[in-house]
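Those protein sequence lines, which keep their order, are chains F and U. Note that the first sequence ends on residue 353 in UniProt numbering; no numbers are left out. Note that the second sequence ends on residue 394 in UniProt numbering; no numbers are left out.
Any given hint could turn out to be false.
[As the list claims (entries may be wrong)] Straight-line C-alpha distance at most 20 Å; calculated PhoX-like pairs for lysine-lysine:
no., chain 1, residue 1, chain 2, residue 2
1, F, K6, U, K244
2, U, K186, U, K224
3, U, K240, F, K6
In short, the hints are calculated from the structure, not lab data. All figures in this text were calculated on a predicted structure; none of them were measured in a lab.
Now for the letters of each chain:
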Amino acid sequence: MTRRPKLRHAVSALTTPLAPEDFLALFNPVFSARQLRGVVTKVVPETADSVTIYFHPGRGWKAHRAGQWARIGVEVNGVRHWRSYSLSAAAGHDPAITVTDMGEISRVLVRDTKPGDVLFLAPPQGTFVLPERPRPLLMLTAGSGITPVMSMIRTLVPRRPDADVVLIHSARTPLKSLFVEELRELADQFRQFRVKLWFTSEHGRIDFSSTAALDRLCGDWRERAAYACGPEEFLESAESLWEKQAALPAGSLKIERFSTVLADGAGNDGGLVTFEASDREVEADGNTPLLEVGEDAGVLMPSGCRMGICHSCLLPLREGQVRDLRTNEVHGEPGQLIQTCVSAAAGPVNLDI
Amino acid sequence: MTNVAEHVSEDTAVEKAAPRRRAGALAETGHPVVRPPAAAHLSDEQVAELSRELDAIRDEVLGRRGQHDADYIRRVIKAQRALEFGGRAALLFGRNKVAWVAGTTMLSFAKILENMELGHNILHGQWDWMRDPDIHSTTWDWDFVTPTRSWQHTHNDLHHRWTNVVGKDRDVGYNLLRMDDDQPWKPFNLGNPVYNAVLAPLFEWGIALYDLEIPEYKEGLKSKEAMTRDLQALGRKAAKQFSKDYLATPLVAMLSGSGRQALIGTLTANAVRNVWAHAVIFCGHFPAGTDTFTEEMVDGETRGDWYVRQMIGSANISGSKFMHLMTGNLSHQIEHHLFPDLPSNRYHEIAPKVREICDRYGLPYTTGPLLKQVGSAWAKVFRLALPDRTKPAT
Chain F
1 MTRRPKLRHA
11 VSALTTPLAP
21 EDFLALFNPV
31 FSARQLRGVV
41 TKVVPETADS
51 VTIYFHPGRG
61 WKAHRAGQWA
71 RIGVEVNGVR
81 HWRSYSLSAA
91 AGHDPAITVT
101 DMGEISRVLV
111 RDTKPGDVLF
121 LAPPQGTFVL
131 PERPRPLLML
141 TAGSGITPVM
151 SMIRTLVPRR
161 PDADVVLIHS
171 ARTPLKSLFV
181 EELRELADQF
191 RQFRVKLWFT
201 SEHGRIDFSS
211 TAALDRLCGD
221 WRERAAYACG
231 PEEFLESAES
241 LWEKQAALPA
251 GSLKIERFST
261 VLADGAGNDG
271 GLVTFEASDR
281 EVEADGNTPL
291 LEVGEDAGVL
301 MPSGCRMGIC
311 HSCLLPLREG
321 QVRDLRTNEV
331 HGEPGQLIQT
341 CVSAAAGPVN
351 LDI
Chain U
1 MTNVAEHVSE
11 DTAVEKAAPR
21 RRAGALAETG
31 HPVVRPPAAA
41 HLSDEQVAEL
51 SRELDAIRDE
61 VLGRRGQHDA
71 DYIRRVIKAQ
81 RALEFGGRAA
91 LLFGRNKVAW
101 VAGTTMLSFA
111 KILENMELGH
121 NILHGQWDWM
131 RDPDIHSTTW
141 DWDFVTPTRS
151 WQHTHNDLHH
161 RWTNVVGKDR
171 DVGYNLLRMD
181 DDQPWKPFNL
191 GNPVYNAVLA
201 PLFEWGIALY
211 DLEIPEYKEG
221 LKSKEAMTRD
231 LQALGRKAAK
241 QFSKDYLATP
251 LVAMLSGSGR
261 QALIGTLTAN
271 AVRNVWAHAV
281 IFCGHFPAGT
291 DTFTEEMVDG
301 ETRGDWYVRQ
311 MIGSANISGS
321 KFMHLMTGNL
331 SHQIEHHLFP
341 DLPSNRYHEI
351 APKVREICDR
361 YGLPYTTGPL
371 LKQVGSAWAK
381 VFRLALPDRT
391 KPAT
């Protein structure tokens, strides 16, 4: 129906104030006039505490590119929560997310998701994607950082005989490592793909303080376009190694971050937060993102990645100052759009929502 | 959106992160200039203690609120949409008598459910905690002529804040009826029963007109810009509502030669819903036993006094589970007025506790079967059509 705007408009004369989709949803839950939804088609266990959830999205979803992520809305005890997950399925296929139990929301997804469940979705986004032209690639991943890279490998390796991909993947133990079987099979089957699995329980972390480890694992790493995804420390050490190589052009290493390091507040800030249009007022401390403050106060806050990168959560500041939880910088002037997911109150704050 | 119970019950310094309404937070201690007669026997300490007991009831419900409640409201939404869909579809073939009766019945129930258990309660923010943009006080639109923003202003804010305060809560008579002895009698009031009888089947249009706040505009309390904005919003909404039931549905029904029957069906369904909503709403604050208040009774009012006013100014309706659902749980008017933003499916659980509190503090807890309460409200409509017999009218 959404594909035929004229018909939809005509039918809505009979359904107002509801939309035609509100009635179609009686028959198929992915129909919604207001929000994108998907139905879970398959849930595959990966390790003891992780699963891959395949889903069929409703209209409005745009096909993902390998390496992108999407926001997934899931209900826990009746309350909608949004989290961002990398899509692990190959481009051109129905999307899938691979989730590891790391917190309250991911735990519910891992333990309770079953085929037929409805997930709430936002269209895929992200710039951690394959290069436009074929190039030799080096993938550096650690832990669940393999997820977006897995999508790239699944997209590229079986389809492109001219691909040349080296993956260095670091995990704690073989049992805790995602996709080990599939990676080994792909490496056996396709000569253009090489895998180096590194288990930290045996060898400790990969040493990026010098180039020695990298030289040993992948001799021609300097000639490759590199992609890295994993925990913050892993990414920082890889980043500094690349920065030290004067000969390498800037941008040789592409990075995907999963989390943001938030600075602790001075302890004496925070303040009264006013949600102007919602007519709510709440006392907030200096370490809680304004997004959470608003959600807890029952304000329908726009939200996105919750890590300060996607700008879905921008709200106009009417008055007051906020502290950027990543940098500790205090800023804010009337009318400025602030990222509520990484900003805390620095004194009284008035937001236009 | 926000409502009064929130600032009343959560305005403590202890609950640091609790949201509250901004303006006019009520005092913790003290007392109004005059306490209402029904509560005159209570000391300041007793009122404060009563307030703490009611807060505890609210906190206990908040602690249990979750999946069970989310499933409930989704079930009602689904049932309502199925009834609406089935009813309207059947009316398209209204030439057939069975289809007409089935269609009109289903559509009447759909409209009642939509206004009472869904619209009214969702617009109070009872389900905002789910963070579902489809079931939220800021996004919901209802099958009722008055625009949601206007309703939230006159109902959620003015009526629920100033419940039964003559001169402040214009729901006491809706600027049309004389519903309290303290409203001075005018010859116009002789028509009280006639106005009310005409209002009932046209209730949604009456409410739409009332929400425009024309007296406030005339008194200069409402700006011209606000009036223009509200008129435009009402115009748009009314056009859509009118054309849905009285143009689009009969037009499509003409394909089966049922245009006229479909029109009679939608007119009937709207009238049934209007008469029902009017009856239920008149049972809320007008039956015998409910008190009205003067402005000096709210001057200096504490949180506890606010709670007291909500309880002695409201009346419940006793009856079956089905009746409670059809009234949108406004049959638990007392509980609703204490906690307007608690999910409606929880009111019946807390009703015995609220009643016990009223008994213990010697406060009236007015309740009765539907017909008795409707009769009592109508008796008042008739009685107040005439000037007061014991004292001069002015």
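We went through each hint and held it up to the structure:
Straight-line distance between C-alpha atoms of F/K6 and U/K244 comes to about 17 Å, which keeps the hinted pair within the 20 Å bound. Simply put, U/K186 and U/K224 have alpha-carbon atoms about 29 Å apart, too far for the 20 Å limit, and the pair is violated. At most 20 Å may separate the alpha-carbon atoms for a hinted pair to count; U/K240 and F/K6 meet this at roughly 17 Å.
Against the hints set out earlier in the document, a violation occurs for number 2 only.
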